[in-house]
Amino acid sequence: DSIRYYNEVPVEKRVFKNLQLFMENKTGGDDLFDRLNTTLLNKHLNELMEGLTAKVFRTYNASITLQQQLEKLTDPDYTVSEKILAYNRANRAVAILCNHQRSVPKGHQKSMEKLKEKIQAKREQISDAERSVHDAEKGARRGSVKEKVEYDKKKKRLQTLKDQLMKLEVQETDRDENKT
Numbered sequence: 025d026s027i028r029y030y031n032e033v034p035v036e037k038r039v040f041k042n043l044q045l046f047m048e049n050k051t052g053g054d055d056l057f058d059r060l061n062t063t064l065l066n067k068h069l070n071e072l073m074e075g076l077t078a079k080v081f082r083t084y085n086a087s088i089t090l091q092q093q094l095e096k097l098t099d100p101d102y103t104v105s106e107k108i109l110a111y112n113r114a115n116r117a118v119a120i121l122c123n124h125q126r127s128v129p130k131g132h133q134k135s136m137e138k139l140k141e142k143i144q145a146k147r148e149q150i151s152d153a154e155r156s157v158h159d160a161e162k163g164a165r166r167g168s169v170k171e172k173v174e175y176d177k178k179k180k181r182l183q184t185l186k187d188q189l190m191k192l193e194v195q196e197t198d199r200d201e202n203k204t
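Residue numbers (the working numbering): 25 to 204.
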């Protein structure tokens, strides 16, 4: 049970020559390390450290990577949406490390289009709200308590709309980055 791993990395000349030797007398579909199997690998790892298996090593490596990525990508001052985005980015880094792959979901394009429409509608609402706040500010300067209360309500509404827009934009980024 394996997934092909495609990657190009620079190696020392000795490693390159050994890989060439391993490839001798093999065709395109043959395993490169045909004498190695999970049982042999796990036996060797267990000799290095009791209880160590390929699965344990992989889990440890993934856990360490997730922890490092979370420290690197997360700021305590982030909003909940930004923290979720940071977590998903860290999780994606682990998925890449573990060679987890998937295809783009069928409904991704349509879902992204709907989200972009929501973002555009929210921007228009913000534009309207900004004009409304500007007008209410003029009235509030005149001094009426009712006008000042109305100005504060409109300002609060504008901030709510901006927060909603930010949340939608973070969601858009997350969905786009998480499509594969």
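There could be a bad hint or two in this list.
Unchecked claim - Cβ-Cβ distance ranges computed for the label pairs, FRET-style:
| no. | residue 1 | residue 2 | range |
| --- | --- | --- | --- |
| 1 | D159 | R116 | 41 to 47 Å |
| 2 | Y84 | K142 | 39 to 45 Å |
| 3 | P34 | R116 | 46 to 52 Å |
| 4 | R116 | H68 | 38 to 44 Å |
Simulated from the structure, these hints should not be mistaken for lab results. Don't be surprised by glycine CBs; every beta carbon is placed ideally from N, CA and C.
Do the hints match the structure? See the list:
no. : hint                    : in the structure
1   : D159 / R116: 41 to 47 Å : 45 Å, holds
2   : Y84 / K142: 39 to 45 Å  : 41 Å, holds
3   : P34 / R116: 46 to 52 Å  : 25 Å, violated
4   : R116 / H68: 38 to 44 Å  : 31 Å, violated
Violated hints, in rising order: 3, 4; the structure is consistent with all others.
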